[in-house]
Amino acid sequence: MPEPTPEPEPRLPDAHVPGPARTPQEGAIADTGAGGTMDLATAEGESLEKTPGGPLGTGPAEKPRSLWSDAWRDLRRNPVFIVSGLIILFLVFISLWPGAITWMSPLKCDLAKAQEGSQPGHPFGFDGQGCDVYTRTVYGARTSVSVGVCATLGVALLGSVLGGLAGFFGGAGDSVLSRITDIFFAIPVVLGGLVLLSVVTSNTIWPVIGFMVLLGWPQISRIARGSVITAKQNDYVQAARALGASNSRILLRHIAPNAVAPVIVVATIALGTYISLEATLSYLGVGLKPPRVSWGIDISAASPYIRNAPHALLWPSGALAVTVLAFIMLGDAVRDALDPKLR
Amino acid sequence: MLLEVRDLQVEFRTRDGIAKAVNGVSYAVDAGETLAVLGESGSGKSVTAQAVMGILDIPPGRITGGEILFQGRDLLKLKEDERRKVRGAEMAMIFQDALSSLNPVLSVGDQLGEMFVVHRGMSRKDARTKAVELMDHVRIPAARERVKDYPHQFSGGMRQRIMIAMALALEPALIIADEPTTALDVTVQAQVMDLLAELQREYHMGLILITHDLGVVADVADRIAVMYAGRIVESAPVHDIYKAPAHPYTRGLLDSIPRLDQKGQELYAIKGLPPNLMNIPPGCAFNPRCPMAQDVCRTDVPPLYEVSGERRSACHFWRECLHD
Amino acid sequence: MTEPILEVSGLVKHYPLTQGILFKKQVGSVKAVDGVDFALRRGETLGIVGESGCGKSTVAKMLVNLERPTEGRIRYKGEDITKLSGKALRTVRRNIQMVFQDPYTSLNPRMTVGDIIGEPFEIHPEVAPKGDRRARVRELLDVVGLNPEYINRYPHQFSGGQRQRIGIARGLALRPEVIVADEPVSALDVSVQAQVINLLDRLQAEFELSYLFIAHDLSIVRHISDRVGVMYLGRIVEIGRDAEIYDHPTHPYTQALLSAVPVPDPEAREQRDRIILAGDVPSPTNIPSGCRFRTRCWKAQERCTREVPLLAVPEEFRRVSGPAAHDSACHFAEEKRVVPPGQRPPGPTDDLGKEGP
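Residue numbers (the working numbering), protein chains in the order written: chain A, 29 to 371; chain B, 10 to 333; chain C, -15 to 341.
The set of hints was computed from the structure by calculation and includes no laboratory data. Ideal Cβ placement from N, Cα and C applies to all residues, glycine included. Be aware that a few hints might be false.
Stated by the list, open to error - What the simulated footprint calls covered on chain B by chain C, stretch by stretch (three residues with Cβ under 8 Å from a Cβ of chain C suffice, anywhere in the stretch; the number is not a length):
| no. | segment |
| --- | --- |
| 1 | 188 to 197 |
| 2 | 216 to 225 |
| 3 | 237 to 251 |
Claimed, not checked - Subject to a maximum C-alpha distance of 20 Å in a straight line, what follows is the list of computed DMTMM-like cross-link-like pairs (lysine to aspartate or glutamate):
| no. | chain 1 | residue 1 | chain 2 | residue 2 |
| --- | --- | --- | --- | --- |
| 4 | A | 260 | C | 99 |
| 5 | C | 67 | C | -9 |
| 6 | A | 260 | C | 86 |
| 7 | C | 320 | C | 254 |
| 8 | C | 320 | C | 185 |
| 9 | B | 252 | C | 251 |
| 10 | C | 9 | A | 202 |
| 11 | A | 260 | C | 51 |
As the list claims (entries may be wrong) - A short, non-exhaustive set of chain A residues, derived as facing chain C with CB atoms under 7 Å:
| no. | residue |
| --- | --- |
| 12 | 94 |
| 13 | 285 |
| 14 | 286 |
Given the sequences, and given the hints that come with them, work out the whole structure.
Take a look at the structure:
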């Protein structure tokens, strides 16, 4: 076997070409939206790129850019992302340290002040029990955010592992899993919640999270399965297989990084819906129960007094709506950044 | 002249700047004539055709100048609804990918008949009869039985025939075929190209054939316009260009094809990269890749020099190129 | 003549067609490859041509063990590699590498060029010690004509032709003896095709590679191949040295294929005797009896429906020793020159434009 010599080999006469006045990087990824011709315009046709940084050519100054870093660059410029990101950061902050912007306990109520409106020190007024609506709304964020985050993590983990493996290996396991997801899709979420959670006595967030994971994983599993199957068909997976790469290597190195984007997007959007699902279940009385603080409980408690004290209903529902919207907007922005072709 | 494009300019606004896709293209086609527009991807050949057809995506695209004279009228000055009447009825287009150009949920008979119902106000039944006639005409076997079939039930070559039938339905004066046979196999390619040429003769239509394949051009074209970086660099009757190209880019293309009838040693390859359309080199766009480039090529944009009667070349040194 | 490095005999790949969701029953099969034999000699380039769906890509996949053949043997240096597994399979894989068609999907967009070209070393750590790998990758980039400084860039920062070079570098990393190239240039522009073909040619000489070069473009195959096999519907119908196939084809399909190729010479337009085949390629689920080409063949007779023609030197040419005496699977083989001779005779005129800057 011949050894490649480290010194440069004799080249074709036209191998040493001064860098022409363009950088391939700009063209190769410019999603001009002008159809294939435009993309190819700059991506196609090439030469031996032997001279680093000719007079006008591509020098090493050009930074390597991964698709992730491109996505991040896109996100930072997207106002939707900035707005939703700031809202979410604020939510996370107040759920970790609700005391930072409140000055009393959410459980300290004064019946004498029931249904009273806004007054100094109590900007959102009082609810039917005479509790401070502002404090309760702030503390309610903690429940909502932790239920949302934990449920999403659980769903994403379980769903993507099951769906990913099924999509990768196919066969009988895949068929069985597909039928199981079909069955789960047939269960109406609210009815399922009413039935399953009504037998639970514990008043922590865990049964609610468990229920959401149980009913939520098929959604992610389907997405993960589909995107793994799509990624699996790419030639680079075949190329790795032809090199003799093991299944675990192919899954972790080649398929997972390319299949994870849709899962992230769907999970982000789902996070918003889990928060509203928690509120729904609590409203129906099967989720969390007083004395725990949650937007759903407060909305439920305030609804009989909607005529006399609408503020007690509006503030927690407004907070809920803004939170859900923020996560859905974030999901949208992330999708745009991860898949520019969709735009 | 059936169609005359004059000094057409098209640009695209993108995230990273303005891409100048077409920079002053002029060409003309007469009835019964075949003009081949030759170029590599990104040369602007398809964008020009889309502008002529009026199917350019605007935005991001924008026509910044020029005229498109079709049967004496400037299409760019027409209102959208007048333009729509021209499209389909007086000029039609055939695309590369027949499968995605046909509606998968309608039978081919319905799609063909649609043209007559919409443009000619025929009844469904008459339209169906016309559809069968058309399918017969493009030599689809057993047209009467197959008229109810869906696009996916046809092979690639048959689908392209259906596309041709659709384009011909209203007997347009001009057909633009954008890489009509690129997706087809060689033997089917020959069938489809033959059919197209024959129908063109029959209807005495003008045909603009957009392609990157020098072989296809040599087979059917009367005249060629070679495009590079949004400009026509050479235009000539087909025989002249293959005998002695008057532009170094054309010559490079011709030299880089391996020929069936000669086994070469090393293929000639055009060096360098095609220009970025956002940053086209000053002077002649081809100068960084040109073996004949001189100082003047880096500063002065070459006009289309008249080489002879019908020949034009946008090279300052076309004489040297021709006689080399 | 050197001994074959790769020998394929009776290769068959049938994909079962199934119906039903949970309980699948077989209702037929797609006969993608249906009995293929050929040998690839050391240092040689064997071109395989054929239209889409003829099974040429499936043959390629079986050679690099991406698909297991239904039947038949692939012998690498005399050893059957179709049943191998574990360590023996890894060794064989090292020696037979593949270059893919589409430079846009064959490189993982989330990996840097260095990681892509370096991956073979991670999978086969015995080839290069850990500290050495980075240097090897730079060397490979240099060999395929890319700037070694670009090691940390991502595939989307390169153009199509450059990506194909990266794919070639990955294929070369393990120093294979055989490279299976499946349509390596068909996704590229004409001028870039020439650059990549030249690169493949140079690498073959430099590393003593044997190529199996699969393409549908007949002129490119002829340019690069020493021998050429023509495939139709899962079988090789004619095989021989390039001049034998191109200048003295005896199988009607080869003749039709060659005559259909547009020649970039308008003068040849009128002289050329074009054979336009009727109809389309039959479905590989339902292959015609006897000779599989008979449904489109203008010479077909009753015998063609009954007897499968064997791939061998046809009887009428067996006694003569000329370029027509090569393997051709036709009952009525007959020589027919379809490429008009003498266009642009080879000579100094060919070098027009090669003067360089």
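Now the hints, each set against the structure:
1. Restraint check on the segment 188 to 197 of chain B versus chain C: 4 residues with Cβ-Cβ distances below 8 Å, three needed, restraint holds.
2. As drawn, the segment 216 to 225 of chain B meets chain C at 5 residues by the rule of a beta-carbon pair under 8 Å; at three or more, the given contact holds.
3. Only residues whose beta carbon comes within less than 8 Å of a beta carbon in chain C count, and the segment 237 to 251 of chain B has 3; three or more means the coverage holds.
4. Proximity of residue 260 of chain A to residue 99 of chain C is assessed by CA-CA distance (about 19 Å); at most 20 Å being required, the pair is judged to hold.
5. Restraint check for residue 67 of chain C and residue -9 of chain C: the C-alpha separation of about 15 Å stays at or below 20 Å, so the hint holds.
6. Taken as a hint, the residue 260 of chain A and residue 86 of chain C pair is honoured in the structure, with Cα atoms around 15 Å apart against an allowance of 20 Å.
7. Taken as a hint, the residue 320 of chain C and residue 254 of chain C pair is honoured in the structure, with Cα atoms around 18 Å apart against an allowance of 20 Å.
8. Using a Cα cut-off of 20 Å, the hinted pair residue 320 of chain C and residue 185 of chain C is violated, with the two alpha carbons roughly 30 Å apart.
9. The straight-line distance between the Cα atoms of residue 252 of chain B and residue 251 of chain C is roughly 9 Å, inside the 20 Å bound, and the hint therefore holds.
10. For the suggested pair residue 9 of chain C and residue 202 of chain A, the alpha carbons sit about 17 Å apart, so the restraint of at most 20 Å is met.
11. The straight-line distance between the Cα atoms of residue 260 of chain A and residue 51 of chain C is roughly 15 Å, inside the 20 Å bound, and the hint therefore holds.
12. At a threshold of 7 Å, the smallest CB-CB gap from residue 94 of chain A to chain C is about 5 Å, leaving the interface hint in force.
13. A distance limit of 7 Å between C-beta atoms decides the matter here; for residue 285 of chain A the minimum to chain C is near 4 Å, and the interface restraint holds.
14. The interface hint given for residue 286 of chain A is met, as the beta carbon of that residue sits about 6 Å from the closest beta carbon of chain C, less than 7 Å.
Violation of the numbered hints given earlier is confined to hint 8; every other hint is satisfied by the structure.
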